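Q: Work the whole structure out from these sequences, hints included.
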Amino acid sequence: MDAHLSEQLQQIFGAYVRQDTLDTAAAEMAGLGQAYPDLDEGFRGALRRSIEFARSGDAGVCIAIEKSGYRALNTAEAQLILAELLRLYIVHFKMNTRD
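Numbers 582 to 680, taken from the numbering used here, label the letters of the sequence shown in order.
Mixed in with the good hints there might be a few duds.
As the list claims (entries may be wrong) - Using C-beta positions, here's what the derived DEER-type ranges look like:
{"id": "1", "residue 1": "I671", "residue 2": "A596", "range": "15 to 21 Å"}
{"id": "2", "residue 1": "A596", "residue 2": "E633", "range": "19 to 25 Å"}
{"id": "3", "residue 1": "A584", "residue 2": "N655", "range": "20 to 26 Å"}
{"id": "4", "residue 1": "D601", "residue 2": "G638", "range": "17 to 23 Å"}
{"id": "5", "residue 1": "N677", "residue 2": "A584", "range": "16 to 22 Å"}
{"id": "6", "residue 1": "K648", "residue 2": "R679", "range": "29 to 35 Å"}
{"id": "7", "residue 1": "R668", "residue 2": "R599", "range": "17 to 23 Å"}
Quick caveat, the hints were computed from the structure, so don't treat them as lab data.
It should be emphasised that the depicted structure is a prediction, and the values quoted were computed from it without experimental measurement.
All C-beta atoms, glycine included, are put in the ideal place defined by N, C-alpha and C.
A: Right, dumping it as structure tokens:
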């Protein structure tokens with residue numbers, strides 16, 4: 582995981598998740614992504630790339646997630662957390678599109 586992606590992931594978890602639920606974070610992120618297409622692209626890209634790094638066993642993903650106080654005990658757990666956040670983000674993004 583490169584430093585830029587690590588920083589992006591830390592910002593996502595620090596600014597939006599903050600020990601809150603993934604659903605709440607995803608809803609907030611989706612609202613911003615709707616308003617700012619560059620953010621949408623950034624959120625999706627960072628989460629997808631981070632999932633790939635977690636899948637490959639890169640512990641940097643766990644470190645980035647844990648900067649927010651959220652816990653990822655290993656890369657498999659980090660991958661699940663990231664995949665769920667991405668899934669919820671897409672669900673909320675689509676719900677906002679219908680409104």
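Q: Each of the hints needs a verdict: does it hold here or not?
A: Okay, the hints, checked on the actual structure:
no., hint, result
1, I671 to A596: 15 to 21 Å, "holds, 19 Å"
2, A596 to E633: 19 to 25 Å, "holds, 22 Å"
3, A584 to N655: 20 to 26 Å, "holds, 22 Å"
4, D601 to G638: 17 to 23 Å, "violated, 27 Å"
5, N677 to A584: 16 to 22 Å, "violated, 31 Å"
6, K648 to R679: 29 to 35 Å, "holds, 34 Å"
7, R668 to R599: 17 to 23 Å, "holds, 19 Å"
Violation of the numbered hints given earlier is confined to hints 4 and 5; the remaining hints are satisfied by the structure.
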